[in-house]
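Asker: Here are the chains, one letter per residue:
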Amino acid sequence: MVPLNWYLALSAVVFMIGVFGFLTRRNIIIMFLSLELMLNGVNISLVAFSHYLQDMRGQILVFFIITVAAAEAAIGLALILALFRNKAAVHVDEMTEMKG
Amino acid sequence: MLPKLFFGYYATAITVLSLLVVTRKNPVHSVMWMLLMFFHIAGMYLFLNAEFIAAIQVIVYAGAILVLFLFVVLLLNLREELETRRFIGSWPAGFAISSAILVSILGALGSYVQGPSGKYTLGFLKEETPTKVLGKVLYTEYLFPFEIASLILLIAIIGAIVLAKRKLRS
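Residue numbers (the numbering used here), protein chains in the order written: chain A, 1 to 100; chain B, 1001 to 1170.
Just chain B, with the same shape it has in the complex:
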């Protein structure tokens, strides 16, 4: 009973907070609600025994990405943005498309059959600690994708510098 109550609270909070994110007029308010939502998602990851993912959710998403968003929102002058309309005129079309996606996913959920379980049972994880197991899998089986991820981050750094720097007047 208690896990279901816990899940109910987190699911309600995440849904309401993400609705607040997409409906606020002021982008600063949106970013703040997003911050709260990321913390709730991190709590839900802890509930699913994913402690490392919960930690990087807080550090990378809430700590790095949202602070970057906040910096950009505060750098831009958005005074006149607050006077314009919140949604586009044809928002019912967007609502219909997104509800169609939701209905098709929810309809497909009933026919889901769970596949065979892996070897990382709860007892195994308790003995080895989940972060250690994750690190072992990441650095052995997924070493090559990990290197590619570092390349992606390098490209992101170079791209961000090139895009954001002012043109030199020669």
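Chain A extracted, bound-state conformation:
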């Protein structure tokens, strides 16, 4: 039997890689991929908890997280398309209109 802590450590590692990618890349598509990576890291730990605590609620939560991730991807990619149409760039450093 694999200990629960291993799954939690794996989930922390995937989350950490997602945070790293989000903070250090400036290509907006890869930043969105890093967001999905973070959501997947959380999903791993929820499914592992659901299995080890013998409770279905973890899997229900994963179901809702995947729903929200799909909605977020649709809206985010529409935003990227609108931005690209106006600026012809996917580099977030070139988008400084809202600096105030």
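By construction, these hints were calculated from the structure, which means they are not laboratory data. C-beta: ideal position from N, C-alpha, C; glycine also. Worth double-checking, as some hints may not be accurate.
Stated by the list, open to error - To give a feel for the contact side, a few chain A residues facing chain B, derived at Cβ under 10 Å:
1) L8
2) V13
3) V14
4) I44
5) A82
6) F84
We have chain A; now place chain B onto it with these hints.
Answerer: What follows is chain B alone, placed relative to chain A:
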């Protein structure tokens, strides 16, 4: 021993593939590595007796979300994007912040005490089949959140159409 080997393979593959996702220069390559990583995560869900979640991981994440990403990447012309630098100049700061998150989570893992177990034991799931049990819980106990999820998807559809359509010249 065999489950640990199995877990070791999946954990190594998921870690290496997610590192590849955030370090590739070309977004198309990133999306492809992400696809492979999603399949590995689905395999790990099967290993945890979550067959329905594994199926929607493949269908929704790999089938819908990543294809959407691929469409957008291919629609945009990213030629000049390949010439720019991969990471921002202050990437050590990002690395320090993310490692601090990792260290704090790993440090907290040692003091985790498992709570009381629920009623969905392995024998119960084997008798009822996990997907049926999941459906029962979803449509009775979590019916209201399920309806809210449908509203979120409706808003996403409308928002995506409004954002992506061209302005009409009047």
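Asker: Have a go at the A82/A hint: is there a Cβ in chain B nearer than 10 Å to its own Cβ?
Answerer: Cβ of A82/A sits 5 Å from chain B, so the hint holds.
Asker: Quick check on F84/A please, does its C-beta sit within 10 Å of some C-beta on chain B?
Answerer: holds (5 Å)
Asker: Does I44/A hold up as a contact with chain B if the rule is Cβ-Cβ below 10 Å?
Answerer: holds (7 Å)
Asker: For the restraint on L8/A, tell me whether the closest CB of chain B is nearer than 10 Å.
Answerer: holds (6 Å)
Asker: Holds or violated: is the Cβ of V13/A closer than 10 Å to a Cβ in chain B?
Answerer: With a closest approach of 6 Å, the V13/A hint holds.
Asker: Hey, does the V14/A contact hint survive, CB to chain B under 10 Å?
Answerer: Constraint on V14/A satisfied, holds at 6 Å.
Every hint from the earlier list agrees with this structure, and none is contradicted.
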